[in-house]
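Next come the chains, spelled out residue by residue.
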Amino acid sequence: MPGAHLKWGWAWPANRRNIYNRASADLNGNPWSERKRWVWWDPHFVNPPDPKTGKPIPPGKWVGYDVPDFTLTMPPSHKGKPDGIIMEPLSGTDAYIMRPEGKGWIYVPAGLVDGPFPTHYEPHESPVQNLLYPKQQSSPVHKVWSQGKPWNQLAAVGDPKFPYVITTYRLTEHYLAGAMSRWLPWLSELQPELFIELGKGLAKEKGINNLDYVIITTPRSHVRAKALVTDRIGVLKVAGKTIHHVGMPWHWGWMGLSTGDVVNDLTAWVGDPNVSIHEGKAFVCNVEKA
Amino acid sequence: MPPDTFFSGAPHWTWFIVPYFYVGGLAGGAYFLAALLEWFGQPDDRPVIRTGYRVAAWGAIVSGVLLTIDLGRPLRFWHMLFQSANLPAIMFKPWSPISFGAWAILLFGLFAVLSALGSAAEEGRLQAPLLRAVGSVVRGGVAKLVAAVGGLLGFFVAGYTGVLLSVTNRPIWSDSPWLGALFVASGASTGAAALILLAPARGATTRSLEWLSSFDSKALVVELVVLAIFIGSLGAVNRAWLSVWGLLLLVGVVWLGILAPLRLHMQGRPLAGAAKLVLLGGFLLRLATMLASEGIDRYRVAAGM
Amino acid sequence: MAEAMGFFTDTTVCIGCKACEVACKEWNQLPAENGGIRELSGDSYDNTRRLDGIHWRHVRFIEQFKGPYDGRWLMMSDVCKHCVQAGCLEVCPTGAIIRTEFDTVVIQSDVCNGCRACIAACPFGVIDINPVSGTAQKCTLCYDRLKVGLEPACSKACPTDSIQFGTIAELRPRAQKRVDQLKAQGVEAHLYGADPTGPLGGLNSFYLLVDKDEVYGLPHKPQLPSRNLTKSAGFSVLSAGVLGVLALVGLRKRRMDQVGGSGGSN
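Protein chains in written order, with the numbering used here: chain A, 1 to 290; chain B, 1001 to 1305; chain C, 2001 to 2266.
What the hints contain is simulated information worked out from the structure, not anything from laboratory work.
Here the structure is a predicted model, which means the values were calculated and not measured.
Just so you know, even glycine gets a beta-carbon here, dropped at the ideal spot from N, CA and C.
Hints may be right or wrong, so weigh each one.
Not the full set, but computed from the structure, chain C residues with beta-carbon under 10 Å of chain A [stated by the list, open to error]:
no., residue
1, 2016
2, 2022
3, 2034
4, 2038
5, 2045
6, 2110
7, 2216
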């Protein structure tokens, strides 16, 4: 259905769903295409007088499916004040209102260590070769701590000892590593134990039934968890191979009303080049019935 | 798709309620028979009559105790008799079996105790002056009147428990209108069996016991017929019997509790053996019908288990 | 009576966040099962398992997958249906269960004695004993909040407005509009409990479902327990009558035999 469904949930701070959405309209304030109509300038809108000063405001307003991320009554033709302060230098076509010059940047000269354009690299552990760059498997500027050390072994590409792809994610009921949420009775009873979600195909292959204990192993560590067999997660067909995909929430630890193994122990000490977040969303593992 | 009744929740009427249904039915049946003999029997039936009253009185007291202990808040048992927020208004819902059952048990107990006191006075066994005074009133015409009202209440107590189970949304119980009839028949057969076992100690004559025994056989046949009708009326719900409870029903109730005693009767064996089997079968009937339904809970059905 | 009020739950926008479960527990100060230490149920993300004495809201998760990634995940926040004709109210022997001025069904905790007749009577398996109080407890549709003009805790907490609270008069047309909208998109939607001429006279907490009722754990045609009363009582009387007659016949036969043989030596 078209539209932003503004009454479905709430997006802080103003229920705006798309940042810089003035950019969805062209320099004259009309949508770039009918199919992508989102926020646009309505030149005939009659504005009430300014509530603070009582001065009349000329007609025209930014309207649309989303809450406009722009001064509501600033027309596209507005010229900015070059020596103005705060938002005054911005003109009616400067959609990127949080940048000082109001323009979007494709490439930044400082701050980011990679860029300018997105490209494809494989995660540091992957079951397949990087098809786009056969000679550069993963990001050359990824951070790697304790490189080569025994506690930070990485699986080789397509290592048959770790044939499955694993991702980690969150649940609604717990928060981060669970240090706060796993002490709360009402939240602990909603999600009481660590589990791994695996597809019915993989479960059948390894003889794993729903709620059986399984051991998940990576080159770094291993954890034990109950299996939740579901077809919500399953198989990936990549480069002609059928690869099973499994997933685990990472909320558990050993203290609290609800306890379990620490899933982040499985991940490698590899991090995002800019903000160092460890690569916990894509790596490889093995799963066996306990 | 499971039948609609499979989506309801189990009330956990188990460890106190199963014995209560059994004892209540037995007490009601025993009193019913005693009352019948009080009106239409002969002088040499008096030992059986007195045993019947005694079994009924103790049965009613035990029933009341079992029911009260089973409540989540036992001290509030009187809330079923009087409106707790609106004393001293009576609490009575004629369309709710558990409501009229509460009153029935109370009144039946009252009448059964009166009759028992009357027969104890007759035997000269009452010591306490108050009890003796009450007991001595209950004889002759008064005893017959008490027996008539108590007898009706007795049948009521024996049968209403089955009606109570059917006025629910539970599987098996509410899938058929025949459970009340079945429990009445079982109350009659177990009541007769209890009297066959206990009345000889009070001097019951062979003639009385033989009448009891012949009635017991007839009651067992009625019970078997009603059981068959009950099972037939369950239709697709009969899949619930594919369990240990179905086995118990077949082996414990039909074979041990009905067919075996009938055979013993026909072979003219001593009455006590058959009577014990009937008593066992009556208990197993309550156990099987109650627990077969209790085992079906909405969660397990909805989760596909 | 003030206006009939209740819930319309649009399950198509439920996200399974369980805010309704927690809000209900928080407002009513219900304990967690075993202090929060439990085992995984294995039933998708539903570890509450069922409505009971300490769970008055229960989010159900129904996975319908034909193969990996191929299917849908239905979610529905189950609650007491506050039936217009309530089975629990019918059988309650203490009069604890009453109908409020909002046409909701409430168990008065100080009257209930825990006999559990209501548990067996509810066609939806909603009620259960709260082990702390020993009495039967269930959703009150936040009667205490309604009395001061607030909406129930669950509908207030629901972030997607799946649970909508209002007067039944305004909820029913709103629900029908939503059904029509979904049907126009090719979704097989239907309302459960919105028909005043339907089962139980309609439910004051009714649902929009996109699959068969039983898939959501709801009985297709819920009925009142009293449907069995007359027949069951009648057959009991019949049975007693037959047994009474058999007993009397036996007595008469005995007397006749006695009279017939009184001339003999036995």
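### Message
Run through the hints listed earlier and report the numbers of any the structure violates, in increasing order.
### Response
Numbers 6 and 7 - these are the hints that the structure violates, sorted from lowest upward.
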